[in-house]
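The whole structure should be built from the sequences, with the hints applied where relevant.
There are 2 protein chains.
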Amino acid sequence: MTRADAQDLDARDPLAPLRDEFILEEGLIYLDGNSLGPLQKGVSERVAQAIAQEWGRDLISSWSKNGWFDLPRRIGEKIAPLVGAGPGQVVVADGTSINIFKVLAAALGMQPGRTRILSEPGNFPTDLYMVQGMTELLGSENCELVLAEEDGIAEAIDDTTALVILTQVNFRSGRVHDMAAITQAAHEKGALVCWDLCHSTGALPVDLDGCGADFAVGCGYKYLNGGPGAPAYIYVAERHQKSVIQPLSGWHGHAAPFDFDTEYRPADTVNRYLCGTQPVLSMLALEQSLEIWSRVDMADVRKKSVALCEMFIALVEARCADMGFALVSPRASDQRGSQVAFAHEAGYAIMQALIAARVVGDFRAPDVMRFGFTPLYTRYVDVWDAVDRLVTVLESKAYENADFQLRAAIT
Amino acid sequence: MTRADAQDLDARDPLAPLRDEFILEEGLIYLDGNSLGPLQKGVSERVAQAIAQEWGRDLISSWSKNGWFDLPRRIGEKIAPLVGAGPGQVVVADGTSINIFKVLAAALGMQPGRTRILSEPGNFPTDLYMVQGMTELLGSENCELVLAEEDGIAEAIDDTTALVILTQVNFRSGRVHDMAAITQAAHEKGALVCWDLCHSTGALPVDLDGCGADFAVGCGYKYLNGGPGAPAYIYVAERHQKSVIQPLSGWHGHAAPFDFDTEYRPADTVNRYLCGTQPVLSMLALEQSLEIWSRVDMADVRKKSVALCEMFIALVEARCADMGFALVSPRASDQRGSQVAFAHEAGYAIMQALIAARVVGDFRAPDVMRFGFTPLYTRYVDVWDAVDRLVTVLESKAYENADFQLRAAIT
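Protein chains in written order, with numbering that gives the first Met the number 0: chain A, 0 to 410; chain B, 0 to 410.
To be clear, the hints were calculated from the coordinates, so they are not data collected in a lab. Treat the hints loosely; a few may be bogus.
Pair ranges (Cβ atoms, derived) [unchecked claim]: (1) Gln-334/A - Glu-24/B: 52 to 62 Å; (2) Pro-111/B - Glu-187/A: 32 to 42 Å; (3) Gly-66/B - Gln-183/A: 43 to 53 Å; (4) Gly-66/B - Arg-56/A: 29 to 39 Å; (5) Lys-241/B - Asp-57/A: 44 to 54 Å; (6) Arg-2/A - Gln-52/B: 23 to 33 Å; (7) Glu-187/A - Gln-52/B: 50 to 60 Å.
No experiment lies behind these values; they were computed from the predicted model shown. A virtual CB, placed ideally from N, CA and C, is assigned to each residue, including glycine.
Below you can see the structure in the form of structure tokens.
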């Protein structure tokens, strides 16, 4: 494979024109869209218009006139097709951690006698922390976190399991859980499932309805490119919407919020999963950022994602052989999301040197270098160039510079 | 009193120059800043810069380089002086309802054997709904909402009371609770207090530390002018920070979030009250909007607020006598926040006609017309003109137009 081969692939890529919609500096190879998606053209303008016109001129009337009150549902319906959800099952509100809390309460409330929440030790920590918080609140006799290794999840489900909560694509390794199989295994044991889709939505096809999933959550700021800290979404299968406890019962979840009743009466719809007023500016940035997905076929996205990841693995293993890299991600593409992780004992310093060379990935303790491959704006030639710069960093020993050894609070 | 008298008052008003910092259309009299504060100059530019530079160019590095990770604490310290809080006790995160949930869990956890949450039926509904949600989660034997009429709160506190939660300034009537007296009464009975300051902060001086308050919450989008749905804040007195349960235990509340530990280990500081990633664009709009307060003396704000409200009451009662208005707000200024409410049986239609005449207040069921008086940008002449237009609406019977009778979903 040569750089010209990569250019050929770009020339034949049906998604190639979409890169023009992203604002990316010349020479920058951004392989961290799995952490914070980049800015798209039109988003700054949309937010500026919302500030000047909707907030600045229309003021309070915007809640109805400009549809602010409907934003959680309206944006939810734009995310729904990306996760295989029929209408009326997704709302955008709060953050992923808060939405997990809503799911935990619902699952425990729906499953009297079942007190265990099953996950895996490699799950993103906040998912586990939210269960631990629920345990602190309810007592360990009412909520208990149980961890099973990633290959043993299905076997660990039993008649004490209220909920299986898993991040479908592991944040470190990129390993993909089989959503259909684990959901089925849980249902066979009478348990419910919540899928954390932070590293899935916009990265690979997801079919929540098709898998019979119960709940899902995910963030807006990774592959959805919704902006820093963009609000999160929550999916509640229609069959569960009326039967669940939702203890974060703020006024936006009320059946008639503007009646200002003293008694909480939950909405009969997915609106029950709303709590308080949402941050409108961040909501609108997310909404505008989602526009591109209506023109994208997720099958094309997945195909290119697999090709980019395979090319990266092959090039690193060919050109950096015997340089201390070990593939952390699954080698089989059908078991891998849209990122590739390599372990290296000098991984932190190498990543800092690589960032200085304008290839931005990130690092996760203890030794994992993460590279996200986002087909809407990442070119095949970017993959080639990224590895080329990695080779330069390694050969020049640039990473041995003391500045690159220093661990910052956030990388 | 004449219009010229009002102009004289404006000429002598030390706060008058601040109006230039707000973007308000010529001819608009905006008396709804107690619902959504207007836009200030510089906010649009700050958000545009954050989008183009911090998100668009610096991308993921902004979490450290541009201080995104510190925003909850940094903005919290800017709100702290407005609520009489010393450093290290206020964070900005999530919404008011979510923050109330954190307080409820803390108060119940700190007070074993006390299960009652005391409030009043006229509190803003979401405050009551959050208690009802906690009851649904914990069971009524562990959390029970008790309501007492607004004049009987202190007497209703007993040794079963875990927490008194009150909105200091009533959202309908503008009535002010005596924060020091109720806090003291609660402490004498061994109960804790949470003050909802949504209608207080930026409206009148607040002294949480001075009153010995335990907890407080409030929103960023009313008198703080932080933008639609701006994130909320939570105050936790330093003495309580290490002793409380905080079940919304997301990774931003961890003592070392980037260690990615499997076990939650709460921060020893007010950071424990953080949960997930915050909506950065909305956070930055709030931060920029708060800049003005560093140049404002709250004593001046309160003095002008009282004068504006008294003038409005006097003018309405003089010029609209025998037209069906009844003052809902306390007549004594020391018992009233920065808003005035009048009941009128045609209140909804009159408010719609008044809005059409470019005087924006709002309506709260069943018959309350609310007018917010925000000293940073409301002039004495605005009060005079607002009443003048109200008289015109009433005399012309414009409000009998069918369009003004129709109740919209949100007013």
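Margin query: Output the indices of the hints that this structure fails to meet, ascending.
Written below: Every hint satisfied by this model.
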